[in-house]
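Generate coordinates for the entire structure from the input sequences, incorporating the hints supplied.
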Amino acid sequence: MTLIVIPLLPLAAALWALFPQRGRAAAGATMAAAAAAAGAAWSVALRSAAGAPTVAISGWIACDGLGALALVLVAGVNLSAAIFSYGYVSARLAPAGSRAERRYYVDYNLFAGSLLLVPLLSEPALVWIAIELTTLLSVFLVGFTRTRGALEAAWKYVVLTLMGAAIALLGFLLLYWALRGAGGAAFTWDGLTAAAPRMPAGLMQAAFLLVLVGLGAKLGLVPLHTWVPDAYRHAPAPVCALLSGAEATVVLYAILRLVPVAAGVPGAHAGGWLIGFGLLSVGVAVFLILQASDYKHVFAYSTIEHMGIILVAAGLGGALASYGAAAQVLAHSVTKTFCFLAAGAAAVVTPRREIQGLLRISPVAGAALLLGGLAIAGAPPLAVFLSEFTIFRAGFAERYPIAAALLAGFVAVGFFAVMAHVNRAVFGRAGVRKVIPLPGACVFALAAASVPVLWLGVYVPRPVLGLLHQAALWIGR
Amino acid sequence: MVQSAWAVALNDLAGGLFLLTAVALVVVRQVQACLAAFVLESVLLAASAFILAAASGIPDLVAVGLITIAVKAVLLPWLLRGTVPEEIYTRRELSQLVNVPASLLIALALTLAAYLIAVPLAPAQDAFIRVNLPIGLAGLFISALSLVTRREAVPQLVGLLAMENGAFLAGVSIAPDLPLIAELAASFDVLVIVLVMGILTRAIHEHVGTTDIVELVERSDEEEL
Amino acid sequence: MAAHMLFNVIQALTVLLLSPLVKGVLDRWKERVQSRRGPTIWQPYRDLWKLFQKDEVVSDQSSWIFRATPYVVFTMPLFVTLLIPALTTYPLFFAFMGDMLGAGFLLAFGGFFAALAAVDTTNPYGAMGASRTRMVGFLAEPVFIIVFFTISFVAGSTIPYIVQQQWVSPPSNFFEPSHVLIMLAFLMLLLAEAGRIPVDSPSGHFELAMIDESKNLEYSGRGAALMNWGGAMKFMVLQLVFLNVLVTPWGLAQTPSLAAVMLAIPLVFSKILVLLAVLTVIESSLAKLRLFRITEFLGAAFVIATVAMITRIF
Numbered sequence: 001m002t003l004i005v006i007p008l009l010p011l012a013a014a015l016w017a018l019f020p021q022r023g024r025a026a027a028g029a030t031m032a033a034a035a036a037a038a039g040a041a042w043s044v045a046l047r048s049a050a051g052a053p054t055v056a057i058s059g060w061i062a063c064d065g066l067g068a069l070a071l072v073l074v075a076g077v078n079l080s081a082a083i084f085s086y087g088y089v090s091a092r093l094a095p096a097g098s099r100a101e102r103r104y105y106v107d108y109n110l111f112a113g114s115l116l117l118v119p120l121l122s123e124p125a126l127v128w129i130a131i132e133l134t135t136l137l138s139v140f141l142v143g144f145t146r147t148r149g150a151l152e153a154a155w156k157y158v159v160l161t162l163m164g165a166a167i168a169l170l171g172f173l174l175l176y177w178a179l180r181g182a183g184g185a186a187f188t189w190d191g192l193t194a195a196a197p198r199m200p201a202g203l204m205q206a207a208f209l210l211v212l213v214g215l216g217a218k219l220g221l222v223p224l225h226t227w228v229p230d231a232y233r234h235a236p237a238p239v240c241a242l243l244s245g246a247e248a249t250v251v252l253y254a255i256l257r258l259v260p261v262a263a264g265v266p267g268a269h270a271g272g273w274l275i276g277f278g279l280l281s282v283g284v285a286v287f288l289i290l291q292a293s294d295y296k297h298v299f300a301y302s303t304i305e306h307m308g309i310i311l312v313a314a315g316l317g318g319a320l321a322s323y324g325a326a327a328q329v330l331a332h333s334v335t336k337t338f339c340f341l342a343a344g345a346a347a348v349v350t351p352r353r354e355i356q357g358l359l360r361i362s363p364v365a366g367a368a369l370l371l372g373g374l375a376i377a378g379a380p381p382l383a384v385f386l387s388e389f390t391i392f393r394a395g396f397a398e399r400y401p402i403a404a405a406l407l408a409g410f411v412a413v414g415f416f417a418v419m420a421h422v423n424r425a426v427f428g429r430a431g432v433r434k435v436i437p438l439p440g441a442c443v444f445a446l447a448a449a450s451v452p453v454l455w456l457g458v459y460v461p462r463p464v465l466g467l468l469h470q471a472a473l474w475i476g477r
Numbered sequence: 001m002v003q004s005a006w007a008v009a010l011n012d013l014a015g016g017l018f019l020l021t022a023v024a025l026v027v028v029r030q031v032q033a034c035l036a037a038f039v040l041e042s043v044l045l046a047a048s049a050f051i052l053a054a055a056s057g058i059p060d061l062v063a064v065g066l067i068t069i070a071v072k073a074v075l076l077p078w079l080l081r082g083t084v085p086e087e088i089y090t091r092r093e094l095s096q097l098v099n100v101p102a103s104l105l106i107a108l109a110l111t112l113a114a115y116l117i118a119v120p121l122a123p124a125q126d127a128f129i130r131v132n133l134p135i136g137l138a139g140l141f142i143s144a145l146s147l148v149t150r151r152e153a154v155p156q157l158v159g160l161l162a163m164e165n166g167a168f169l170a171g172v173s174i175a176p177d178l179p180l181i182a183e184l185a186a187s188f189d190v191l192v193i194v195l196v197m198g199i200l201t202r203a204i205h206e207h208v209g210t211t212d213i214v215e216l217v218e219r220s221d222e223e224e225l
Numbered sequence: 001m002a003a004h005m006l007f008n009v010i011q012a013l014t015v016l017l018l019s020p021l022v023k024g025v026l027d028r029w030k031e032r033v034q035s036r037r038g039p040t041i042w043q044p045y046r047d048l049w050k051l052f053q054k055d056e057v058v059s060d061q062s063s064w065i066f067r068a069t070p071y072v073v074f075t076m077p078l079f080v081t082l083l084i085p086a087l088t089t090y091p092l093f094f095a096f097m098g099d100m101l102g103a104g105f106l107l108a109f110g111g112f113f114a115a116l117a118a119v120d121t122t123n124p125y126g127a128m129g130a131s132r133t134r135m136v137g138f139l140a141e142p143v144f145i146i147v148f149f150t151i152s153f154v155a156g157s158t159i160p161y162i163v164q165q166q167w168v169s170p171p172s173n174f175f176e177p178s179h180v181l182i183m184l185a186f187l188m189l190l191l192a193e194a195g196r197i198p199v200d201s202p203s204g205h206f207e208l209a210m211i212d213e214s215k216n217l218e219y220s221g222r223g224a225a226l227m228n229w230g231g232a233m234k235f236m237v238l239q240l241v242f243l244n245v246l247v248t249p250w251g252l253a254q255t256p257s258l259a260a261v262m263l264a265i266p267l268v269f270s271k272i273l274v275l276l277a278v279l280t281v282i283e284s285s286l287a288k289l290r291l292f293r294i295t296e297f298l299g300a301a302f303v304i305a306t307v308a309m310i311t312r313i314f
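Residue numbers (the working numbering), protein chains in the order written: chain A, 1 to 477; chain B, 1 to 225; chain C, 1 to 314.
Some hints could be false.
[What the hints assert, rightly or not] Quick look at which bits of chain A chain B covers, simulated, 3 or more residues with Cβ under 8 Å:
id: 1; stretch: 118-132
id: 2; stretch: 176-187
id: 3; stretch: 359-370
[As the list claims (entries may be wrong)] A few chain B residues that don't get close to chain C, going by computed Cβ distances all over 10 Å:
id: 4; residue: GLY16
id: 5; residue: ILE58
id: 6; residue: GLU86
id: 7; residue: PRO101
id: 8; residue: HIS207
If you are wondering where the hints come from, they were derived from the structure by calculation, not from laboratory data. Computed from a predicted structure; not experimentally measured. Just so you know, even glycine gets a beta-carbon here, dropped at the ideal spot from N, CA and C.
This is how it looks when you write it as structure tokens:
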């Protein structure tokens with residue numbers, strides 16, 4: 001029952017925001033819905049961490065370890081982004097109580113609802129549709145400011161990701177065919193995994209590649225990554241947080257679901273394709289970071305980098321690598337959300353693309369950006385460092401030393417590239433005339449989002465650890 | 001499954017014409033012609049579904065065909081007309097990145113590639129899959145090409161939907177008993193795509209088509225981030 | 001044997017005598033569709049008669065090629081007629097001499113001489129027309145080759161008498177995509193090769209825009225008559241190849257009796273009338289393409305033919 005309610009909560013908030021109301025009730029309703037969804041997701045995650053999947057309608061709506069990890073991450077990102085929006089929207093986008101503000105919250109909640117839907121569905125065809133919906137419902141958020149650049153970015157985003165979705169659609173249809181050919185009964189993730197050993201290798205390989213390339217477009221994997229910089233630059237900061245922290249997570253979740261299926265077919269070379277695509281994306285992303293023009297681009301490209309790292313980890317196979325992949329999903333989602341919120345805070349205090357000396361303009365925003373940069377680049381002892389280190393160790397342990405070494409090299413270059421950009425933005429002299437104070441909601445959201453960033457590196461709480469282990473089990477089966 | 005020679009031949013024909021309309025989408029020069037080619041392509045997809053339904057006796061496929069015609073051949077042009085400004089429609093001589101003979105040759109190469117990939121996957125005894133799978137894949141590739149070479153909004157939208165058509169052409173043969181709910185949801189999805197992209201096209205047309213330079217200069221300082 | 005020779009002669013005479021009528025019907029119908037009265041369908045015969053009565057003027061700058069060309073252009077379609085199934089489904093006396101490629105060579109030979117003769121007189125329009133014809137020709141060449149490859153691959157033979165049976169045995173073969181697409185591609189080729197709209201405008205009188213017609217500008221009297229007649233026969237032969245070999249063998253004589261062959265003449269002619277109706281629609285609804293758009297037209301034909309081949313091979 002909880003599962004069905006979770007995606008309906010943002011939907012209710014969207015409906016609420018549709019009608020005119022006094023004050024900032026739309027923003028309040030959004031925050032309330034996000035908090036309720038986060039609470040419900042947390043309760044589902046607790047149950048999954050103990051190894052008990054939650055089932056609402058068998059074969060259609062259910063949530064196991066991996067699903068719970070994605071669900072709780074989306075709900076968490078949604079909550080912090082909703083709180084941040086309360087301050088950000090009125091400071092940057094639309095006056096409080098205006099029509100534009102309501103439009104923002106309608107779109108925002110629909111987007112959040114579609115994101116929460118993906119990890120709950122058991123049937124791949126419906127998951128595909130839900131993922132398509134996440135694209136369609138986020139288009140107007142990306143192009144929210146209606147400037148020329150924003151509209152072009154939205155167009156690029158929707159065309160490329162829908163192009164990927166069409167490719168993935170054929171992949172899912174091939175999967176269904178393979179399932180039928182193998183005598184599998186139910187078209188669910190579990191049914192696919194069970195029937196995998198009897199599927200023909202060539203068919204599985206084609207289906208997996210189509211899904212990987214197609215859904216990869218939404219992750220920004222390299223053949224279809226050109227929408228990434230524009231979309232992240234023009235989208236409002238909370239939307240960026242959702243795009244990178246939540247949308248990438250759920251799409252990645254769908255790919256990770258298929259990894260055990262493809263790995264279960266001998267001769268489908270699933271691991272090799274994952275490592276190949278992953279390394280390619282990491283490599284290209286690192287060099288794009290080096291020549292990025294501003295720190296928002298840096299964070300955007302670093303999303304591609306981290307998606308690539310996770311795919312490599314999933315491709316390595318084995319318990320340690322699977323755990324590394326799950327931990328990296330968690331670390332990336334938590335950290336990148338914080339990064340984009342910090343970028344949003346910087347945008348609020350000084351609305352320019354090229355910033356310098358942020359620490360002097362606004363100590364809060366500057367410190368947040370610095371922390372975000374360090375955390376996402378993988379500085380010890382923060383969460384990203386831990387999970388990346390796990391993946392390297394797994395790479396050497398699983399006898400893929402070349403891949404692991406390449407990955408380590410790319411990540412090291414990426415570290416310096418990210419820090420170079422962040423340093424330039426944070427330190428130095430401030431050349432800005434006017435400073436806009438940071439709204440309280442933004443400060444609160446930043447503080448709340450920084451807790452897991454700082455904490456998960458030094459101590460992983462017991463339920464979270466259980467959840468990660470459960471998720472790793474589903475990835476590495 | 002008994003596959004009568006007539007059903008196989010007719011399905012082959014629908015497939016061959018489908019491939020031609022896919023190629024036509026890449027090369028036609030007018031928005032209206034592009035849309036007409038897409039409608040024809042959708043009708044051919046539905047025809048293939050009907051032929052397969054008659055041959056294999058799976059009633060779902062009739063529904064798939066009917067939904068395809070209703071959504072893609074009837075509702076979609078009507079919806080587009082409602083959302084996209086008239087001026088975009090009457091546009092002729094669309095600009096293209098690659099000239100026509102070159103895109104024809106690329107389309108041919110893509111078709112060949114699709115056959116080389118798909119034919120080994122298809123079982124030798126199923127004449128429907130042997131036609132629909134490679135042609136569907138080729139349709140997917142060629143429509144992706146049209147997305148790359150086109151610079152106009154409506155042809156790009158049509159290209160996207162044509163990619164889906166390609167996937168579904170393969171789908172009616174390889175997954176004829178896919179749950180109907182997925183099919184319905186996908187058709188709904190098509191309508192949302194058209195609506196969203198139509199509105200976006202309108203917005204772009206309004207903002208970029210009537211570019212107000214003064215406003216752009218004023219905003220350029222405040223813009224971004 | 002003697003009967004087969006007789007049928008062969010009947011076949012050649014049919015093309016010889018009916019080809020001006022085909023042209024006349026098409027011209028008349030086109031005028032009618034465009035709400036004009038138009039000449040009678042016998043007008044081409046009158047034109048030929050008139051031209052044969054007139055004196056011939058030959059430039060003293062021209063060589064023997066100029067004088068020989070009308071005869072070559074006139075006879076080549078007749079030779080082709082001997083090879084193809086014009087009236088019968090079984091091969092006749094001379095059919096052993098060549099297959100479809102042979103027929104193609106014969107027609108190309110006539111075209112080659114026409115182009116040479118056009119250059120021969122040093123009339124600038126002649127050379128221009130010849131070069132344009134060659135351009136269309138070399139663009140059409142790959143399409144021809146793919147079409148021949150495909151049909152010979154399908155039928156396992158290049159003999160037109162074998163190919164034509166392929167499409168109707170069993171009858172569902174008629175709807176094979178390779179067949180339908182080949183028909184489409186060949187129809188486009190026919191338009192290009194016979195100089196019809198949208199590739200060329202046969203009724204235009206503006207020399208700069210001419211492709212096919214400008215090669216005949218220098219001819220007068222008997223030479224002009226033979227060139228025109230040869231052109232009409234070539235058009236009809238192409239139609240016969242299209243209708244009898246590529247579309248269906250319906251309406252042809254099945255048995256070697258004189259009655260059956262004589263009956264085939266009106267049946268085949270009615271098939272031609274149907275094709276003429278299609279051509280009338282095409283020519284009245286399309287505009288002539290700009291010269292460089294012809295590439296795209298024939299490129300499309302190439303794609304269609306190749307798709308036909310691909311759907312067949314795999």
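Hint by hint, here is what the structure shows:
no.	hint	result
1	118-132	holds (count 5)
2	176-187	holds (count 4)
3	359-370	violated (count 0)
4	GLY16	violated, 3 Å
5	ILE58	holds, 22 Å
6	GLU86	holds, 25 Å
7	PRO101	violated, 5 Å
8	HIS207	holds, 34 Å
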